[in-house]
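Student: Going line by line, the protein sequences match chains A and B.
Just so we're aligned, residue 5 is where the first sequence starts under our numbering, counting upward by one.
Just so we're aligned, residue 5 is where the second sequence starts under our numbering, counting upward by one.
A few of these clues could be false.
Copies of the same chain look alike in the list, so a pair counts if it works inside one copy or between any two.
Unchecked claim - As a list, the in silico BS3-like pairs of lysine-lysine whose alpha-carbon atoms are at most 30 angstroms apart:
id, residue 1, residue 2
1, Lys-79, Lys-93
2, Lys-340, Lys-259
3, Lys-93, Lys-68
4, Lys-425, Lys-59
5, Lys-67, Lys-93
To be clear, the hints were calculated from the coordinates, so they are not data collected in a lab.
Here the structure is a predicted model, which is why all the values come from computation and not from measurement.
This is what each chain is made of:
2 protein chains.
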Amino acid sequence: MFQRLLVPKVAASLGCKSFRNATIMSALPQARTYSIKADNASAQPLMDIDPKLLKVQRTESPKKLLPAKDLIFGKNFTDHMLTVEWSSKHGWYAPQITPYQNLSLDPATCVFHYAFECFEGLKAYKDKDGVARLFRPDKNMARMNTSAARIALPTFGSEAMVELIKKFVALEERFIPEERGYSLYLRPTMIGTQKTLGVGPPRSALLYMIASPVGPYYPTGFKAVSLSARSDIVRAWPGGCGDKKLGANYAPCIKPQQEAAEQGYQQNLWLFGEEGYVTEVGTMNVFFAWKTPDGKKELITAPLDGTILNGVTRDSILELAREKLTKEGWTISERKFTIGEVAKAADEGRLLEAFGAGTAAVVSPINKINWDGGIHGDARDIHVPLQEGKEAGPLAENFWKWMAERQYGDVESDWSVKVPKWTE
Amino acid sequence: MFQRLLVPKVAASLGCKSFRNATIMSALPQARTYSIKADNASAQPLMDIDPKLLKVQRTESPKKLLPAKDLIFGKNFTDHMLTVEWSSKHGWYAPQITPYQNLSLDPATCVFHYAFECFEGLKAYKDKDGVARLFRPDKNMARMNTSAARIALPTFGSEAMVELIKKFVALEERFIPEERGYSLYLRPTMIGTQKTLGVGPPRSALLYMIASPVGPYYPTGFKAVSLSARSDIVRAWPGGCGDKKLGANYAPCIKPQQEAAEQGYQQNLWLFGEEGYVTEVGTMNVFFAWKTPDGKKELITAPLDGTILNGVTRDSILELAREKLTKEGWTISERKFTIGEVAKAADEGRLLEAFGAGTAAVVSPINKINWDGGIHGDARDIHVPLQEGKEAGPLAENFWKWMAERQYGDVESDWSVKVPKWTE
Chain A
5 MFQRLLVPKV
15 AASLGCKSFR
25 NATIMSALPQ
35 ARTYSIKADN
45 ASAQPLMDID
55 PKLLKVQRTE
65 SPKKLLPAKD
75 LIFGKNFTDH
85 MLTVEWSSKH
95 GWYAPQITPY
105 QNLSLDPATC
115 VFHYAFECFE
125 GLKAYKDKDG
135 VARLFRPDKN
145 MARMNTSAAR
155 IALPTFGSEA
165 MVELIKKFVA
175 LEERFIPEER
185 GYSLYLRPTM
195 IGTQKTLGVG
205 PPRSALLYMI
215 ASPVGPYYPT
225 GFKAVSLSAR
235 SDIVRAWPGG
245 CGDKKLGANY
255 APCIKPQQEA
265 AEQGYQQNLW
275 LFGEEGYVTE
285 VGTMNVFFAW
295 KTPDGKKELI
305 TAPLDGTILN
315 GVTRDSILEL
325 AREKLTKEGW
335 TISERKFTIG
345 EVAKAADEGR
355 LLEAFGAGTA
365 AVVSPINKIN
375 WDGGIHGDAR
385 DIHVPLQEGK
395 EAGPLAENFW
405 KWMAERQYGD
415 VESDWSVKVP
425 KWTE
Chain B
5 MFQRLLVPKV
15 AASLGCKSFR
25 NATIMSALPQ
35 ARTYSIKADN
45 ASAQPLMDID
55 PKLLKVQRTE
65 SPKKLLPAKD
75 LIFGKNFTDH
85 MLTVEWSSKH
95 GWYAPQITPY
105 QNLSLDPATC
115 VFHYAFECFE
125 GLKAYKDKDG
135 VARLFRPDKN
145 MARMNTSAAR
155 IALPTFGSEA
165 MVELIKKFVA
175 LEERFIPEER
185 GYSLYLRPTM
195 IGTQKTLGVG
205 PPRSALLYMI
215 ASPVGPYYPT
225 GFKAVSLSAR
235 SDIVRAWPGG
245 CGDKKLGANY
255 APCIKPQQEA
265 AEQGYQQNLW
275 LFGEEGYVTE
285 VGTMNVFFAW
295 KTPDGKKELI
305 TAPLDGTILN
315 GVTRDSILEL
325 AREKLTKEGW
335 TISERKFTIG
345 EVAKAADEGR
355 LLEAFGAGTA
365 AVVSPINKIN
375 WDGGIHGDAR
385 DIHVPLQEGK
395 EAGPLAENFW
405 KWMAERQYGD
415 VESDWSVKVP
425 KWTE
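From just these sequences and the hints, can you work out the full model?
Tutor: Shown next as structure tokens:
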């Protein structure tokens, strides 16, 4: 039998009349359906996620909002969580918004043993009119589906999930700080919940979302970071899954991160292969701006070859760069390049800027890279030029500004998705 | 503050007089200690796991034993579980044996997001005198420590954990089936329990062990398996963590496994590199027996180069082979070899046997490998010879016998560790 995952006390209450927005289960057959290969041998279509079935159980003890200055990324959460359960026989069950609460899981549950887990990170912003806005949530949901499929977790209708995210954000709107630079970080997560130790595709799963109000990554302005670039630890490889947002890609990066910190560097720059291809930085994509040996301005980032994450910020920066920089003579490139080329550009005075790009910081300027020199070379520092007294170059500053304008709705764009106010 | 992970109802009972083997906390300062770099800036030694502090809360509703024929790997569990909590400020807390129960975890807990999880698999056997025996548990605990350290989870005294495993097995002895070929599968697991989303080393963790009575892998005798060897999906990479028993290594292997099954093959043979180096099979190590081109008998398996798991069964088979086969003219090799060499040996009539080696099956004979031919070659089948009407070759049969003799204590060896009977 399908088991509820929430702790018994709350789970028992999920069918009761306290739901304010409950839709009866008889509505299920009209819901959008999809098929997957699983236990469903009769090829009956499985239920997709259906926002119309959302049930809401509001908390009876709303949290007090923290002062903006006390917000720490991913430490404090809103009143509620969104959950959608799945089984290989039925598909997706009715989505639920419940009070934020613990998950109660059998110790044999497959997420604890075989890392059946993937996640997303996106933010809700409040615009000048007090309207909540999401930034390209369709991209996150599309990526989450590719992540899930790679580890035999179920996929779902991206649009349906975006609808649910909007509902959730509308309910939690008071947690989105008004202050510019602040936002509500959303963390959709999917875990396998089958409670057996056999190594196989999970026959049950839970998609859930929690949310944490966050302050600006750089509360007092940019602060450039230094990187450690090593050849002996490899984050991802062709034929692996480094391009998916899997939990599996994160835990193995902590030890190198600690070792970098012990050496005085804030992040790792992940290289690949004897050639020393530049891939990612920490948990971000990475961009370099340089003059090519023949004097042309180029903004370059690694290509989507399966070893880097397909970042939403990366994609947005590329699109903004093509719109705004090409006409100023820049070439915008997604192609392989090596740390050796970066070092040579620095030595020859051609290196202009370097920055990471991700949801948390948007852009994160880089001022120094310690490179171990590869398999045969000597360790050295690569210095990224920064104007005296500045912590970011003009490109990083512009991208940050252009992104923020769209995130906060100062500049209207298709990327910014308004969240309708909550209605019962 | 440090939070109890067990569901509130039970956690609240952990300090009460129902413990039959409780040791008071004042014994803590005498316990063995160790140091790690963490929150412990004052370099106060952190507590190691101390078996003397074990607290036992017996179940009030013992389970009925299942008939041997109904035992399915990792589906049914014993009455109790072993838990040891850790914090970066204190180290390891007093170990506990409690009734088997759900874990209650905040949805932000880092194990759900970043795969802070590692595990082990070992078995307890019942010998002809009814004495429970473990097989090389020291190897499993040593490996668990290397796995934990790789993902910034805490390490522990291996001997202390072996003591706790013995206590647990003694308490659960009735779940070890008497029948030959049956055993009690033990699953030590460690998860990060910090409940924040920042990507960093967990400041709290839980080590727990559950146990599942299991039947023989081949209830009606060996059944040789067929493999799919692909070049486009890569399990592990130098500089990665394929040699650690991390959850992260498992979820990404399911989709290739499903695709192999759809093609009619039971497992994947994991290759590496353009050369097509043979690494592992499914979740086992793999051995080939062949005659070299100059006519010498060789038993060969991949070396411990960081891309394969350091299997306890692999190690045991190598040691048995060196003891028993070298004198029969066999060369026992841990070195790199390619699927192309295997294909050539098969074509030239030199391939003798192939089998996987792991805790679940001990040995798993292979009869066919479908190889995609690498980047430039054509797909083909490699047939592993088996005598008419047989499902395993003589080497596989012998290794299985030699291993079982030691696991069940028919042949005394240092590998077999007797478990003292339970005493309060």
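Student: Take the hints in turn and mark each one as holding or not.
Tutor: Hints, verified against the model:
1. Taking the shortest Cα distances, Lys-79 and Lys-93 sit within 30 angstroms of each other only across copies (19 angstroms), while inside one copy they are farther apart (36 angstroms).
2. In this assembly of identical chains, the alpha carbons of Lys-340 and Lys-259 lie at most 30 angstroms apart whether taken from the same copy (26 angstroms) or from different copies (28 angstroms).
3. In this homomeric assembly, Lys-93 and Lys-68 come within 30 angstroms of each other (Cα to Cα) only across copies, at 29 angstroms, whereas the closest approach inside a single copy is 41 angstroms.
4. Proximity of Lys-425 and Lys-59 under a CA criterion of 30 angstroms is satisfied intra-copy only: 17 angstroms inside one chain copy versus 53 angstroms between copies.
5. For the homomeric pair Lys-67 and Lys-93, the shortest alpha-carbon distance between copies (28 angstroms) is at most 30 angstroms, but the shortest distance inside one copy (38 angstroms) is not.
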